[in-house]
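Based on the provided sequences and hints, a complete structural model is requested.
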Amino acid sequence: MPEVASSQAAHTRNLTGETFPRLLFHHAQVRGQHPAMREKHLGIWQTWTWAEVAENVRALACGLAELGFKRGDNLAIIGDNRPRLYMTMAAVQSLGGVPVPLYQDAVANEMLFVLQDAGIRFAIVEDQEQVDKLLEVREQLPQLDHIIYDDPRGMRHYNQPFIHDIEAVMAMGRIHHQNHPDFLEREIEQGVTTDTGVMLYTSGTTGKPKGVCLAHQAFIAAAKGGCQFDQLTQDEDILSYLPMAWVGDHLFSFAQALVAGFTINCPESGDTVMTDLREIGPTYYFAPPRVFENLLTQVMIRMEDAGAIKRKLFAWAMDVAKRCGAEILDGKPVSGSDRLAYAVANLLVIGPLKNVLGMSRIRVAYTAGAAIGPDLFRFYRSIGVNLKQLYGQTETCAYVCLQPDGQIKLDSVGKPAPGVEVKIADNGEILVKGPMLLKEYYQRPDATAEAINGEGYFMTGDAGFFDEDGHLKIIDRAKDVGKMANGAMFAPNYIENKLKFFQYVKEAVAFGNGREQVCAFINIDMGAVGNWAERRGISYSGYTDLAAKPDVYNLIQECVEEVNAQLVHDGMLADSQIHRFLILHKELDPDDDELTRTRKVRRNFVSEKYAVLIDAFYAGKTSQFIETQVKFEDGRVGKVAADLVIRDAKTFPVVRQAA
Amino acid sequence: MSEQNQNGRRVGEVILDLQNISLRFGGVKALTDISFNVKEHEIRAIIGPNGAGKSSMLNVINGVYHPQEGRIVFHGEERKKMEPHMAATQGIARTFQNIALFKGMSVLDNIMTGRITKMKCGFLEQALYLGRAQKEELAHREKVEEVIDFLEIQHIRKTPVGRLPYGLQKRVELGRALAAEPSLLLLDEPMAGMNVEEKQDMCRFILDVNDQFGTTIVLIEHDMGVVMDISDRVVVLDYGKKIGDGTPDDVRNNQEVISAYLGVAH
Numbered sequence: 001m002p003e004v005a006s007s008q009a010a011h012t013r014n015l016t017g018e019t020f021p022r023l024l025f026h027h028a029q030v031r032g033q034h035p036a037m038r039e040k041h042l043g044i045w046q047t048w049t050w051a052e053v054a055e056n057v058r059a060l061a062c063g064l065a066e067l068g069f070k071r072g073d074n075l076a077i078i079g080d081n082r083p084r085l086y087m088t089m090a091a092v093q094s095l096g097g098v099p100v101p102l103y104q105d106a107v108a109n110e111m112l113f114v115l116q117d118a119g120i121r122f123a124i125v126e127d128q129e130q131v132d133k134l135l136e137v138r139e140q141l142p143q144l145d146h147i148i149y150d151d152p153r154g155m156r157h158y159n160q161p162f163i164h165d166i167e168a169v170m171a172m173g174r175i176h177h178q179n180h181p182d183f184l185e186r187e188i189e190q191g192v193t194t195d196t197g198v199m200l201y202t203s204g205t206t207g208k209p210k211g212v213c214l215a216h217q218a219f220i221a222a223a224k225g226g227c228q229f230d231q232l233t234q235d236e237d238i239l240s241y242l243p244m245a246w247v248g249d250h251l252f253s254f255a256q257a258l259v260a261g262f263t264i265n266c267p268e269s270g271d272t273v274m275t276d277l278r279e280i281g282p283t284y285y286f287a288p289p290r291v292f293e294n295l296l297t298q299v300m301i302r303m304e305d306a307g308a309i310k311r312k313l314f315a316w317a318m319d320v321a322k323r324c325g326a327e328i329l330d331g332k333p334v335s336g337s338d339r340l341a342y343a344v345a346n347l348l349v350i351g352p353l354k355n356v357l358g359m360s361r362i363r364v365a366y367t368a369g370a371a372i373g374p375d376l377f378r379f380y381r382s383i384g385v386n387l388k389q390l391y392g393q394t395e396t397c398a399y400v401c402l403q404p405d406g407q408i409k410l411d412s413v414g415k416p417a418p419g420v421e422v423k424i425a426d427n428g429e430i431l432v433k434g435p436m437l438l439k440e441y442y443q444r445p446d447a448t449a450e451a452i453n454g455e456g457y458f459m460t461g462d463a464g465f466f467d468e469d470g471h472l473k474i475i476d477r478a479k480d481v482g483k484m485a486n487g488a489m490f491a492p493n494y495i496e497n498k499l500k501f502f503q504y505v506k507e508a509v510a511f512g513n514g515r516e517q518v519c520a521f522i523n524i525d526m527g528a529v530g531n532w533a534e535r536r537g538i539s540y541s542g543y544t545d546l547a548a549k550p551d552v553y554n555l556i557q558e559c560v561e562e563v564n565a566q567l568v569h570d571g572m573l574a575d576s577q578i579h580r581f582l583i584l585h586k587e588l589d590p591d592d593d594e595l596t597r598t599r600k601v602r603r604n605f606v607s608e609k610y611a612v613l614i615d616a617f618y619a620g621k622t623s624q625f626i627e628t629q630v631k632f633e634d635g636r637v638g639k640v641a642a643d644l645v646i647r648d649a650k651t652f653p654v655v656r657q658a659a
Numbered sequence: 001m002s003e004q005n006q007n008g009r010r011v012g013e014v015i016l017d018l019q020n021i022s023l024r025f026g027g028v029k030a031l032t033d034i035s036f037n038v039k040e041h042e043i044r045a046i047i048g049p050n051g052a053g054k055s056s057m058l059n060v061i062n063g064v065y066h067p068q069e070g071r072i073v074f075h076g077e078e079r080k081k082m083e084p085h086m087a088a089t090q091g092i093a094r095t096f097q098n099i100a101l102f103k104g105m106s107v108l109d110n111i112m113t114g115r116i117t118k119m120k121c122g123f124l125e126q127a128l129y130l131g132r133a134q135k136e137e138l139a140h141r142e143k144v145e146e147v148i149d150f151l152e153i154q155h156i157r158k159t160p161v162g163r164l165p166y167g168l169q170k171r172v173e174l175g176r177a178l179a180a181e182p183s184l185l186l187l188d189e190p191m192a193g194m195n196v197e198e199k200q201d202m203c204r205f206i207l208d209v210n211d212q213f214g215t216t217i218v219l220i221e222h223d224m225g226v227v228m229d230i231s232d233r234v235v236v237l238d239y240g241k242k243i244g245d246g247t248p249d250d251v252r253n254n255q256e257v258i259s260a261y262l263g264v265a266h
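Chains Y and E are the protein sequences, given in the same order.
Using this note's numbering, read the first sequence as starting at 1 and increasing by one per residue.
Using this note's numbering, read the second sequence as starting at 1 and increasing by one per residue.
Keep in mind that a hint or two might mislead.
Between beta-carbon pairs, the in silico distance windows are [claimed, not checked]: (1) Y:Phe162 - E:Asn50: 46 to 52 Å; (2) E:Asp250 - Y:Gln160: 29 to 35 Å; (3) E:Phe25 - Y:Gln160: 50 to 56 Å; (4) Y:Gln298 - E:Asp250: 49 to 55 Å; (5) E:Phe102 - Y:Glu167: 36 to 42 Å; (6) E:Gln255 - Y:Asp105: 57 to 63 Å.
Straight-line distance between alpha carbons at most 20 Å, and here's what the computed SDA-like set of lysine to any residue pairs gives [stated by the list, open to error]: (7) E:Lys158 - Y:Gly154; (8) E:Lys199 - Y:Arg636; (9) E:Lys143 - Y:Arg636.
The set of hints was computed from the structure by calculation and includes no laboratory data.
Bear in mind the structure is a predicted one, so any value in this text is a computation, not a measurement.
Using N, Cα and C, we set each Cβ at its ideal position, and we do this for glycine too.
Encoded structure:
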């Protein structure tokens, strides 16, 4: 009888397939008293054990069911990293629904598209601020039935019947559970491992954001591969402070935590991350290069204010670390005298420094999302922080390549991770295949078909190549790689990253596709350049003023010329040396749509907005007037105008080897 | 009986009644025959040009100055001559026009000083940190942490106040006043010298304090936009005399007030 056979097959498939809710209740059984989550409240770290998390998830799930949440519904999660928002993810998955985390700092209108696209009926949000945003656009969201908030502050006068306190929902859920004790187990049993576990929206660097549907099995495969690769155990501690809507946070704070059973720690607020990092002392840490850079800049600025003896001691310790720190970390042979010097430096400077940074206990740290400067990378490795790079996209659960311990190269992203197949297409594009691939783009079969080719490879859109040791090197976005007028390859990101490795340069945008020469916009780093200016007694009133100082131009010109000197040796990119540059009068800002929320430059938008400046570059002008609209945080609009100086930079003659 | 006013606040009975107050410093008349009252849960603003007597008025309310004439009735009791610390124990807390914090102490310790009137243990018990003192300190610390959480200043909990920017110091000062769990909060120019964003934050905190704790607030402020937005009733002083009293709209249309602020054509 085929019917029985198929239902039996479905049954066995259900019991063997892992889903996140099953993992959660498994941990509640085998390590019920082990801490699963921590959050600082009123200055004291509060802990939830796995058993408590499971109970909370059950209450939440039953409460949501009571409100009418159904299998297949999408639920928006908007807020900072809060334990109950993570619990919501598991609760929604238990009911066969799909959590859709959104970037919490987006304004209401930016959220609107995703809320409409995903057909959101339920939203769980952190606080009054997010509730207000949803109410602002509610008229355009006829399908939005319920809003649930986590933090009751300021919510006393919101008496709309569709707004609920999460406590009330959970209380409702607990009663529901008493009346239907096996309801949730049955719901979880119905879940299959190929169900969409989470939907993460792409940042929309190009066009409208797309909802990436990632199945339970994809994230579990990625998380298992990562845990096995770095031998992560239930004893890891991780600080969950990056946006929940970002694939990296979902991998580290949710998927890997549920696979390995380790503890996630939520900071008290966005401003306390540094303090919380020090107090928790995570063993496993992830941060984009920007965070590592800020940490280092802060240390350096504070060291410059220290006394002469301390400064000397610090400089000596850093010299020792630079000489042998990374080698000691990699277990390479190091002379006895260097080992001794490093031990002393570690005792006096490096150890305390790591403690201040909150990095004393780190076993594995990762960075990704943007290129990391070689000096920065080397610094952390030299003080004994096992910082590594990885490569991945939202569509691949942030899991494609990882750097193995002891085989760290500054300019590669490592080897293909366990279970992942990587191939380079003829045009240089990186293609990947494996269990971690997306199921589909939400209601976009056209986009899905475009992204996955006939052989089942996902086309990353990045251009790269394998080096002689099998490590993957990324050059640029494949579509950004263009040709200059003379036919030479032009990879803007590659050039911009080289510029951004200087601490004085915050952002850079290079132009040159189809042109004779490469020109670049520069954003100076207010902190670093400001400090530099103060030390030289240069007074300034604000960003626009500082950016226009001739001394600052000289400083940036040195950086540009050094990049040119490096580019000469880069063979196929030697023609991309920067001939002309200018320092923009305002910082590129996500609020002005110039950057994505993850702070990537929207290249086309910028080149249209500042077309007059690009024309001035190639018309050979030495200055250009521009007036730009800026949006302030409170939504008001203002104008910034400046007469921008355009400078020529020194370029180096390309020595071509005879073919 | 309480009723909802136009801002949705449940304004109650009169809790502070000032009747015919006159205050002189020698021959200088700071306040002349001023009468007004403050009702429970309301936000009451005192405005006026420089030197109008606004700060003197606050100082009269919390017992720093003693008016030569007039009656002050607080919570139904006529006030005899008293000292400022007695005002504090009666539930009146204030912030100052020029920040008056302990610059070398941390934010936490500064706010903790706001609890001083609530501490019952003796000096020796506290110094030795004996059983009762420990329990009391923990309870006070929890209250202080609630204030820190409320004002969203967790990130500067341990920072010495002197290192903080002006806007945050103002917030810490409000925190110290709140730690005393006052029923009447006096704010002397809480938004002076702030930028737009800081002002918005401060407004939100003042409204939240009023809303969540039901605290009655008397504030002096120069930013008319702020005053008109958040207060229920406004008293206008000029040269130590009351020239207007009523809702923001009444005051805005009062000819005398307009003349005092904009000058009169002669």
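Evaluated hints:
{"no.": "1", "hint": "Y:Phe162 - E:Asn50: 46 to 52 Å", "verdict": "holds (50 Å)"}
{"no.": "2", "hint": "E:Asp250 - Y:Gln160: 29 to 35 Å", "verdict": "holds (33 Å)"}
{"no.": "3", "hint": "E:Phe25 - Y:Gln160: 50 to 56 Å", "verdict": "holds (55 Å)"}
{"no.": "4", "hint": "Y:Gln298 - E:Asp250: 49 to 55 Å", "verdict": "holds (53 Å)"}
{"no.": "5", "hint": "E:Phe102 - Y:Glu167: 36 to 42 Å", "verdict": "holds (38 Å)"}
{"no.": "6", "hint": "E:Gln255 - Y:Asp105: 57 to 63 Å", "verdict": "violated (48 Å)"}
{"no.": "7", "hint": "E:Lys158 - Y:Gly154", "verdict": "violated (26 Å)"}
{"no.": "8", "hint": "E:Lys199 - Y:Arg636", "verdict": "holds (15 Å)"}
{"no.": "9", "hint": "E:Lys143 - Y:Arg636", "verdict": "violated (37 Å)"}
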